[in-house]
Structures are given as structure tokens and as C-alpha cells.
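K.L.:
Protein sequences, first through last, are from chains A and B. In this text, residue positions in the first sequence follow my numbering: the first is 10, and each later residue adds one. In this text, residue positions in the second sequence follow my numbering: the first is 10, and each later residue adds one.
In case anyone wonders, no lab produced these hints; they're calculated from the structure. All C-beta atoms in this analysis are idealised placements derived from N, C-alpha and C, irrespective of residue type, glycine included. Take the hints with a grain of salt, since some may be wrong.
[What the hints assert, rightly or not] Where chain B lies over chain A, by a calculated footprint (3+ residues, C-beta under 8 Å): (1) 170 to 181; (2) 190 to 198.
[To be verified] Distance condition first, Cα-Cα at most 20 Å in a straight line; then the derived PhoX-like pairs of lysine-lysine: (3) A:Lys107 / A:Lys159; (4) A:Lys102 / B:Lys102; (5) B:Lys247 / B:Lys299; (6) B:Lys169 / A:Lys159; (7) A:Lys169 / B:Lys159; (8) A:Lys257 / A:Lys285.
Listed below, chain by chain, are the residues.
Protein chains: 2
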Amino acid sequence: MDELLRQVTAEDLEAIEIGAAILGTGGGGNPYIGKLRCREELRKGHQINIIPLHELSDDAWVVSLGGIGAPVVGVEKIEQGEECLRALYALEKETGNKIDAVISSEIGGANAMEPMLTGAQAGIPVVDGDGMGRAFPEMQMCTWSIYGHKSTPSAMADEKGSIIIIRDTTSEIALERFARATVVEMGAAGAIALAPMRGSFVKRYAIPNTITQALQLGRSVLESQINNSDPINTVLEKEDGQLVMTGKIIDLERHLKGGFAVGHVNVEGFGDFRGKLGEIYLQNEFLVFKLDGEVRACVPDLIVVLEADTGLPITTEMLRYGQRVAVLALPCHDLLRSEEALEVIGPAAFGYPEITYTPLVRNSSREGN
Amino acid sequence: MDELLRQVTAEDLEAIEIGAAILGTGGGGNPYIGKLRCREELRKGHQINIIPLHELSDDAWVVSLGGIGAPVVGVEKIEQGEECLRALYALEKETGNKIDAVISSEIGGANAMEPMLTGAQAGIPVVDGDGMGRAFPEMQMCTWSIYGHKSTPSAMADEKGSIIIIRDTTSEIALERFARATVVEMGAAGAIALAPMRGSFVKRYAIPNTITQALQLGRSVLESQINNSDPINTVLEKEDGQLVMTGKIIDLERHLKGGFAVGHVNVEGFGDFRGKLGEIYLQNEFLVFKLDGEVRACVPDLIVVLEADTGLPITTEMLRYGQRVAVLALPCHDLLRSEEALEVIGPAAFGYPEITYTPLVRNSSREGN
């Protein structure tokens, strides 16, 4: 990891948007609206200050927050802009803790932007890291939950001023269920702030440096466009990933099931993959990739679909018949590969008990990512 | 109204159960389980103390509470017994107010018992009155909401220990929607305690003396069974009502729609009503009664269906083809007949805009009931 980010500029936001969308692995919601809000905060003279994990004090109170709801709704029902801030203040009132910093629950997609927006509004820094290192559809899939944080009380807010406190539940999954029911009544888009964590816990269990990672990833894609170099290779190098397919989408089946976009995509290979058939299975995010019937990548590793020509990420709702795509498999962080993590975010947790997770091998000798 | 009730005995509970079920107008849930819980509290040496409205001090804090959910589930998913108590304590924590008394949100059905149970557990009195004087399917149909009380913050609890605080919403209907979504996640049965009201407000807007009313109504039915007198006439006299039909159920259509039991019942007349056709339309409660196509009674007045022989009330889920029934129309309290009340609980509010509410005339000169 190169130099860590300290303060986010309007230009950085453009790069983070692209990087976050790539790390969204097809889901996570669109960071575009959040980027515009962040830019507006900067224009007002507010700052988006980033604090590296190692500088966080052990007894700091850190709140993980973000938007919750159906990504497809989030784009049309524009956020009022202070939902996360109100959720944060409601949580401060509920717990009596003064919050020192915020952190993203998931760096992939829209929730890369939300903590930066809230941090700028509240005048507190944003921790360089997140709870997923990618995007996942449900809250109990955060490393916070996996490694023992009790996320209640949580505070939820919507654009109309509604405030709901989920003070106690029997489990992290029960919290997810109550929050999901509440956000449906909020019109399928709202904000949630989870019970404060101590800095010591966050330092140990956050996926580290993921804002910097998104920034650098986005920058390298932008640069490759300017330099006319291959953006796909740029992403692969940057993320230590593998190209598992290039081809054309020849079949696409996608429907809404229980609030999630579920389905699969078939890709007919070209180039080095001529004559081969790729299949991607999805639930908001891309979960499993098979080549000629063999599993080549699966959760928690990242499956990313990029436009073959531009290297720009394609989210599940933007998939179209005939698109020419590159499918990339990127290794996830080791925190997502432990036994307790795989119970929650491994293939079986998503309904693929027949698939045994085999960690993607990293090409370089870097640890984690 | 004869002498007001001061303390509830185990024997009183039996009578209140019957009276509350009659006032439930087909809905409101079954008070049976709550009665057993109350009896158990008495057996433990706890008291169910009743305070008449006029003795309530103006600055007392009174909380309206009860069960929420699908009545049909409440019978099978037995409450743990302290749901309402936990909701009350969560509300005290949220508001910082020490609560002086509880009151029923609806006297009709199961929620006649819940505040008595909670009062016994918490050692505080139960106000003799309620927010409906009958049963209605939704919370904004309480006189509290109709006459301007803001019911947030509300606290909800379930049998597993979950606590949800609905701290702020844009309206009483929005509160109902959030609470309904939450209770579905609770397994369709939970408890809710609404924002504390001042004694002065409760004295003005509670339907008065309805625990005493349920007790006396139940007692008179029990006595008529012992004396072999006509229980139907007893109820009519007690409640100043009219017999609008006696007959046999010859058609019945009932289904679940949006969590409510919706449908209609056709009754073929016998006795004085031979040759006539009665139709009852229902949504959890009985809403509209037509005789040969003419509206004879509708909400907010009470439509009660009793077994012709025993005088015992029949709830919507107990309706069966071939049952011999008496249909009674009982006048509701004047607080339910104001313009602002009819907007929320008149026929149009239940989807019958073509029906103009004509208040049932009282036979006697009593005011209210």
C-alpha cells in the first residue's frame, strides 16, 4: 500500500467513486449521489478528514454507518443528505457516547461515500477502512458482527425525520431483520448507525486502508484511460487479481426475491476464452463464477465484471444482453477467510452448500490486500 | 354507570373477559391468555388496582399500552408474559418519565387484559377507561391520536427480549406503519407502549369507565345464563343497543389481506327477521351491517355478533356456516362521533365512502355510554 490518504479532495472523490464501484462486485448501490453530496460539502468549506487505522486511539468511539435499502431505489429516491448524520446523533443520544470517528460498513458501492459525507457534516474524521472490503447484501456480514461486536443499539433515520432505535435484539441477524423491515417502511432507503465500537476493536477487525485502496484503484483506471493502456490489466495488477473470462453476455436472468436482485448471467468467451462458457450467479453482488461448469471463484473473494473496453464496473442492474465484459477474480482480505467468517459469508451462507471455498491465490507476496 | 371498580378479583376477570370480547365487535384478539396471566399475578399476591378517571391527577404520567399483531397468531404464539412490562420500562428509560398509571389502548378483546397484567407486575394502577371503547385494527384509531396526542416515542418489546424504540415519525399513521412492520418481524405478536400522556389529557379523551363497563356487561351475561333469562336482551339493555337481526349464517367469505381478516357474512333471518337477508362486512372487526341492502349500522358504532342461544360473542375467526346468531348494534361513545373522529374511524376511513354515518339512536336518556 502506497501513501495513505489524509484528506479527500473533489478530484479524489471521482477516483474513489470508480474504485468503490469496482469493489462493490456488482452491488453495494451507486456511489454517484453520495459523491455529489460530498463535493457539495467540500464546496461549503467542510473537510473530509481521513484517519489511518494505526492512528486511532484504543479508547476512541467509532461508529460504522451507511445507507440501507434497495440499491435500485436509492438511485431514484434521492437522499435528503443528512440521514446518516441524524442516525449518528440519535445514536449518541441513545448511548450517551460522544463519537470520535465514523467508518464505512462497506467500501463497495454507495456506502464508501456516506461516512465521508457524515464526517464532513459532523466535523469528525473517517477511518481508513471498512467492515467488508467489498459489498455484501446484509449487515451481519460485516467483520464487526463476525468478530463479536454487538451492533445494538442501532439508530435508523429517513429523509422525512423518522428515527427508529433498535435497542436490543437476540442476534446480529435479528438486528438485520428488524432494520430491513423498518427500511421497507421508510420507502426502501434509509440510514443506519451501529452501536459504537472501541478504537482497539476497529484496529483489529476493520479491513484496513480501503478508502486509500478505492482511491488508488479508481485513479489507476482513470490514468489508464488517459494513457490508452489496458484498464483491465491495471485493475488486475493493482488488486493482485486474475482474469477469469472475457466474453459477451448471451443470457441473463434476474429477478427480485425478498428485496434482493437474484439471478445468473451466461458469458460466451472470446479472445483467450473462445469456445468457453462462463456463468455468474448473483444476489445483489456477484457470488459465484463458473467456467465450463467448474467453480473458478466464489464469495468471499471478489468477482468483478468490467466493461471490456473501458474497464468501468458493471453493476448487476446494468447487465445487458450483448455486453462485452471482462470477469475478474480478486482475492479478499484474510479477515474474510477465517472459519467464523466463512460461516457467514462463505458460499454455503448464500445457498451454495455444494461449493467448498478455495481461497484465490495471490500472485504477489503481499499479505492481505 | 353503577359503582366503579376499584380492585379486580379472579372472579371479575371471568366477567371482564366476556364483556371485553363483546366490546371487541368480532376483533381485538382473544382475552383468554391475558386473563390466565392476570389470574396468576393475583395468585402471587399482586394486586390489580383500578383508578377511576376523575381521581387521576392532572400531571400524572399515563401510558397506553397493549399487544399488537395478528389476533390469530396471539392465540398460538403464547406471550411470555412480560412483553408489555418491558415495553413500559423501555419507554421510561427513553423518556425519563416515571409512569404513574397504565391504560388500555382498546377495551375490546385481548387488550382489556394487558394493562391489568402490566399494572399488577409494575405495581401501578390501571385507569378505568380506554382509547377506543371497542376494538379497531390500527393504532391511529385511538382517541389519543384523534385528539392530538403525539404517540412517539413508542417502545416495542417481544417475548425474546427485543426492544425497538420508534422515537420520531411524521404522523400517527407513520407510527402505525413502522410498528406494524416491526411486529411482523417479531413473529406477528408483540407489545407496544405509547408516549406518556398527562392525566389531564386522559381525563378528557379516554372513553370513560370501560373496565367497569366490561365487567358489568360480562356479569350480566353470566347471570342471565344462571337465571335462564335471555342473554341477548341483557346485553341490549345494558348497552342501550338494538337487535338488528337474528338468523343463520348462510354464506361466509373471509381472507387475509395486508395482515387483516377481510370479508363478509350473509345471514338468513329467522323469527321476526324471517325472509330478510343480513350482510356484515368485516376487517378484523365488524364494520358495516346491511339489512336487505340498507345500511342499519356501521363504524364507529358497535356491531356485535352473539350466539343466539348463549349470548356469547363470536369473533370473526370463529364465524362458521350454519351458526345461529343475533346481530346487535350498540351506540359508541360521543368521543368517537366528532368530525375529527369520523375522519379516522368513520365508514370512509375503512373503504366505504358511499356510506354516511348516521349515529345509532340511544333508547334511554343516558349520555355517552
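K.L.:
Each of the hints needs a verdict: does it hold here or not?
P.N.:
Now for the hints, and whether the structure bears them out:
1. 170 to 181: Coverage by chain B holds here, the residue count being 10 at a Cβ distance below 8 Å.
2. 190 to 198: holds (count 4)
3. A:Lys107 / A:Lys159: 18 Å, holds
4. A:Lys102 / B:Lys102: 12 Å, holds
5. B:Lys247 / B:Lys299: Outside the cut-off at roughly 23 Å; violated.
6. B:Lys169 / A:Lys159: At roughly 16 Å apart (the allowed maximum being 20 Å), A:Lys159 and B:Lys169 satisfy the hint.
7. A:Lys169 / B:Lys159: 16 Å, holds
8. A:Lys257 / A:Lys285: 11 Å, holds
Hint 5 from the list above is the single one not met by this structure.
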